[in-house]
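Residue numbers (the numbering used here), protein chains in the order written: chain A, 1 to 519; chain B, 1 to 505.
Hints were generated in silico from the structure; no laboratory data involved. Each hint should be verified, as a subset may be incorrect.
[Unchecked claim] Calculated pairs, EDC-like style, for lysine to aspartate or glutamate (alpha carbon to alpha carbon, straight line, at most 16 Å): (1) B:Lys79 x A:Glu42; (2) B:Lys68 x A:Asp120; (3) B:Lys503 x A:Asp514.
Computed from a predicted model, the values in this text were never measured in an experiment.
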Amino acid sequence: MSTTQSTSPPAGTEPPADDLCQPEYAEVAREVRPAPPRYRNEIGKFSIRRASNCAACGRCAEVCAHGVHVHPKGYRSIIRPFDYRCTGFGCAETGRYCVAACPQQALSLAENPAFETLGDYRWTPDLLVSTWAMAETGRLPPKHLESEVGASGGGFDCLRFRFPPSPPADLRREDISTRLVLNRRNDSRPKITIEVPWYGGGMSFGSTNIRVLLGKARVAKAFHGFTCTGEGGYPDRFIPYKDHVITQVATGLFGVREETIQRARIVEFKYAQGAKPGLGGHLLGDKNTPSVAAMRETVVGVSLFSPFPFHSVYSVEDHKKHLDWIAHVNPQALLSAKVSTPVDVDMVAVGVYYAGGHIVHLDGSYGGTGAAPNIAKKNIAMPIEYAIGRVHQFLVAEGIRDQITVIASGGIRTPSDVVKAIALGADGCVIGTAELVALGCIRCGACESGRGCARGIATTDDQLLEMVSVEWCTQRLVNMYTAWQQRVVDLLYRLGLDSIASLRARTDLLRHLDYEDAN
Amino acid sequence: MPAKYVIHSTPAAPRLRPVGKLGIVDWREDCSSCHNCVKRACVYGLYRDEADALRSEIGYLDYIYQCKGCLNCVQNCTKNILTRVVNPEYRRLGDAYYTPDIILSTWFQAESGRIPVSGSGYGGPFSGPGFDSMWTDMSEIVRPTRDGIHGREYISTSVDIGRKLPYLAFADGQLRSAPPPLVEIPFPVIFDLIPEHWQRGQVVAAVARAAADIGTLAVLRERDIRDIGPGIAQERRHIVPLLEPVNAMVHLGGRSSPLVMIPDDRDVMAVQASLKKENADSVVAIRVQASPAAGQRVLQLARHGAEVIHLVFDSHGLEAPHRPPLAGKGDSPHLCEAPSGPFRQMGTVPFCAPPVTHHPPPVRHARDVLRDVHGTLVKQGIRDEVTLIASGGIALAEHVAKAIICGADLVAIDVPLMLALECRLCGECQRGELCPIALEEIGAEYGARRIVNLMAAWHQQLIEVLGAMGIREIRRLRGETGRAMFFEDLERETFGRLFGRRKTS
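Just chain B, with the same shape it has in the complex (with noise of 0.2 Å):
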């Protein structure tokens, strides 16, 4: 029996004082030092635990990040002069789509390497944008397709990265097609490019030993391989470098490194075809913006002989409204004709033009675009022979599954392991100030602890989610919108039958 994939984690205590949400505050000047104060019954003696940090000054410990908001204490203190109110603080944490929930979950993740439990039912909005507006379907009593699950120490989360041959070719009986190469890794994570604001001290370090440790991949640019140093040599088969510019044919990462990625270009076929020929083994992925014209360009280079897309959404899992504008004069749809044969012929590949449209369409979220890129290359038959990567928006485990099951085969991330590193996204740095909580003293094997416990925690519950849905094998969840339901389908179903339009869809 093969090896199980599992991500060990180790507590990874955070450097500083964490931001809870609830706090409680006192009027002391009204106590009345009674007996019996409610501090000291607290059940979860934080209140003496406070005294006693604050006594030996080691460690962190704060009740406005350890308290779970009981009440006790502010209920039944004798004089009333406790009450609880959310930590501004906590407030101003993220922005609105990393939440402030989603970075204190994230910080736990982290620390602990645990899956986020707890009591109660769902106290968040009915559904919202993007990835909140599905849900992940689940096997009940009377589906007998269901494959066999016999526990979720089975489910496998691997996924392949490279183009696969629309067929085999084989004479006298003898496989004469040369599978391309395929990179497997056990987790359909990828770490991301990470922004140059973010690159201080041992941080791109950290990632790299992160990826190396759970054996996945980070992307990185060539000269942040470089400032890494010697200590490189154990990670080296999990960076991914990010070739730029595209002349630099001869890089310092690529003869080794089994991915290598360049950015999206008229020219990007002829780039891939002259790093196949230096390194046949080699993966070479295409980094595309997401936008409107994604679809089509995914399925143009596709067609060129593309083996990995990287569709890059913002932050926020958004595409970009408009396309910069690189298609030169005279490119013309009719250059997105697919070249035949079952290996095309690589070379310059022109962007399609644009749809023309008076009314510019709205910005759609990676839910939107991954599902329509893929049904794109689905209807044309060339799906599997494309491997396509999302990155942007991805903030969650549940992200995880969610996009996947969109159309992507896996995701990169980048904010989420900023976060793991107590990032509280304040963007000080992005305007050039300080780092409050001064990223760049991470120590490099610190910093991979925290990212590791944050992806054995995803992996756990991509894990969760894949049992329920009767599903072993993350590779079949790819577009497999049967597994999900999504809101716009189930309004219409219900409530459309009944109350007419929407007028909010």
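Just chain A, same shape as in the assembly (with noise of 0.2 Å):
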């Protein structure tokens, strides 16, 4: 399961192309282990400055139990505060407080101006900050963050789980299981299970940067899941882990080949995209530089259009031919259909169910996006929160729901989100903004804007590719599905459930705070 760090590159340098491809390179360690942050100056809830008469006694590192002041062996001088690490004024009741504790009183402790101007309503500063911690450290964040709910006042922000008093006597965590099967018809395809309720969402190479793609693929190997392609092509750096590889086929066909269809254990079929439903794709033409035109076979610096909807399918007719023919050409792949949440969800999920698919995956309007019309994520197609309950409720009805499975996605921000999508209906979920925030992504919106993301994270300009490493983001991965999956176990546990499959459609373990019903 683990690689030793002899067989890994060295944070920071990437082999070439070429040694990515031999086995060795292909093997993830799933530990954890510690990923600081990229940045010299980490942004938290608070900040703590230390004033010039500091005597550099290490007190504070003394008292500190939160690593904030390191006081290195050897070193006179102790390292500028780890302020994001603080956990705020609480810490003066429990004994541990550095300011209080510092004999010079050079130390102050405030609010940091900065957390307040992070992030939106969906993904408010807390969230962030928290995925932050538990990319750094594969542990649950620190309780002073509000890391499961965020403050769109609506949808699973306004859900709560309802806990029974306690859980049965014989149920333990170590046996909890988080496996997900996502072929459910019996045929003669594949049983594909995976090991936690989710997997990577699909980001085209020319969204975003090869090494975040690559990060993505290699926790998805760690995990036994999947990522996707996106629909930017199929990348030869994605061999090495082509059996947690999802091959997308999207209008734009960018990269679309027999090999790449056959290569994939699941076959991707994007209908349309939640932040975007009914637009189709764009990638600006900054972003298409010679590597991604040479991938989608295009011109260099052109604007590249997905059209909407594929011209090809009108009808679910038109939809099973295009299953058809993916099935025929890799007859051990499962099959599965990307839709987003127009009015007749339900129908759309029943027509992918009788043309042949193995997976309907509910993409929600408030899903993640490298460019779109804001006019567009704001008001096309329902959130997910209302799509997953009518698709459920619809299939139960057809006498079909145990024969497909149906994956949430679009506002699937925390651990809570895919217990409370899988309660009301799904039965799992697909990530990305999420893992995108675990590599520093703070949700400015300027993925599009010429050279891209100024963090390096949705770009495809040379310099900024640097800005991360493909060691580094596995890591910052595995550390986050780590907490993650610890996470959804802690919450099975106390709904007194011993496997994630148990929960689906446990509505009545869910109450709604803006529902009488609710106490």
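Two independent chains are provided; combine them into the complex using the hints.
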């Protein structure tokens, strides 16, 4: 399961592409290791200033329980406070309050003004910072951060769990299963099972840094899960991880070839994307670099549009024709259809089943994107919280619920969201933005402009690519996945369930703050 | 093939330093002037550009406006002396409805003519009041009724303004009905009367010119038309004179205007009749204050032959809580009865008595009033006979589509036009103070360019949502609530089923 440090490239460097195709690079350590932030001044909720009268006595380093103050052995000075780890004024109650302990009174604690400028209603500053904490440590975030809900005032943010007074006496955390079966049809295709009830969403080569994409592929391998190519083609560097990479077929058909279909264990048709349903895809010209253009077989610098819809699909029958095509090209692949959430999403899901799909992937309207008109992100199609229940109920009524896997995405930010989505009726989730946040995304929304993401995540700019390494991305994601799995297990334990599968559609375990039945 | 309707935009830089959302603050006394200053490494080159701009003293450039907030400088500074703050000036922009985000977005569109595009997902509240509590639908793979979108360039945004016959009469194989006049505009947005406090310098002229440039209409008072002066000839056919007082039958603009507007009044149909007598080719629009009685009033007017009804909401899209007490003694609901005949007798139409209630209903948003009015007309079978214009609370392109889905044929706007001219909605002008942005100094051509840019961006956004909905003609969107989802419906069907009654419904 794990590999040694010596077989992995050193952090910060990247071996040639040919090397990455060698088997040893395909091995990924799943163990949690510290993955410190890549910025010198990581942002936390609080800031601590050390005045010049500090005598470097080291008292602060002795009392702090959170690693804010570090006094390396053999050094006279204390390292500048890692104040993003500070848990704030509540520390004063613990007796381990550095500000009070400092004999020189050289320390001062204040709220960090930059913290309040982070995020938005959906991804609050607390959610961003708590995701960073999980990605760094592999542990659940500190309690002073609200790490479960955002401030959008609806949907997941208003749902809470109904925990029974106590879990069953014979239930043990280590026995709880988070495994998710992706093929529920009784057909000849493999019964693929993934270890955690989520996998990575599609991000195209062209929209996102290849190192980030490789990090996603590597964590998918580590957790026996999946990531997805998006519609930008299938870079050769994915080949070592091919068993964990979904080939996406979207309307632009970029990089869709027989070999990329045959290589994949799951092939996904993308009919629409939650953030911009009905609009197709759009890669702005600045991000269409020579390598991207080569992959997509286009001209450098030209904006690339993926039309909407598939002009060969105007009915379920047309859709079935598409799936049949894939099924014949790759007789072992599971077939997935990614659709958005229109008013008739339940009918769409049934159509996917009757066309032969194994997975229907619902992408809600508040999902992420590399570039979309703001009018589309806000207004088109329904939020995923509504779509899950509708689809589940309809599939139950049709008597086919247990023969298709329902995957929800588009606004899944936390492990709590995953659990809520499954309790509403999904089987599992796809995540995208959360992975990018783990890698330092601050949701500034400038992914599409000029050279792309200034933080080196959603970019194809040669200089900006260098801001992250494959190893660092992998470790941050391994840590985050581990913490998420821990939180999911913890929630299942408190809900008294022994598997994630037994949670599906258990709406009796949820309550909604805006409804009278909430208490 | 008919020419495609395109609004051509031309970049129009702001006259003043715009107000941005995020700013970087540094404590320069702690700066060690290190050789690897993060300001040099700004991905967007803002600090360098700022220094250049300060040297040359040309143009506007301010990283409080242009900073994209990537935090690279803040997080990489060796001495950690930088931080990011939300600009307090930004927070003071606008009001609860015209939020700072809406104002900045409008400025961007007025400057560039481009659609606001961004990465990352939607970051706003789950839903909100008014238009924020509905989502438009889109066509997915199993909708065979999709009406054949093969390219968004073929989507029509044209609308007709005027009355339509309920049926056509033929005799001996010949058409005997005389269709009433219609005004067709290529874009479902007209420019409403600019409130007095904004009528400074060339503002009204800029609005009129912009309307002419894009082929839409601008509502102006007669004296405003006179004020614009000799340059008006070109815009004449794009001006809708608002006639008042109503006895001014012989007016300056009406003779050559395809559409004239009159305020609602108990004698309004008589006024309409006399205007039609004077110029049969002119369409008359009646301006009605949105109120709890609006549904009945619109029905009343439509039955009496009104051609166009302009429902006026306040700037936040709300109806008036109580209708002005115009109803005379003895007016009673029976007067709302429709006269007979395809063309009804025109004359006095007293107001319906307002609904008697001890508990006044909550003030409704245009979203609900329009659905009510539209539904009332549909039930009476006369919806297609009258054109409904909605104004007030149309702050974004999405509101145009949503107002039309709720039942309007088209919308009229005023505040967004002023935002395009860089207004901050500070309210100084309403208090009789000097305008901080010197609105009176704006040239007509420059102002028109900013407004045209805004409309170009709105037009493109309309095309986006129409394309997503699979609708190729905006006329077909009117009242098409099947292409929308409403918050209360989704909540009831999803969570109501699970959790009972909603507390805050």
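Next item on the list: Mind listing which of the numbered hints don't hold for this structure, in increasing order?
Entry: Checked against the structure, no hint fails, so every one of them is satisfied.
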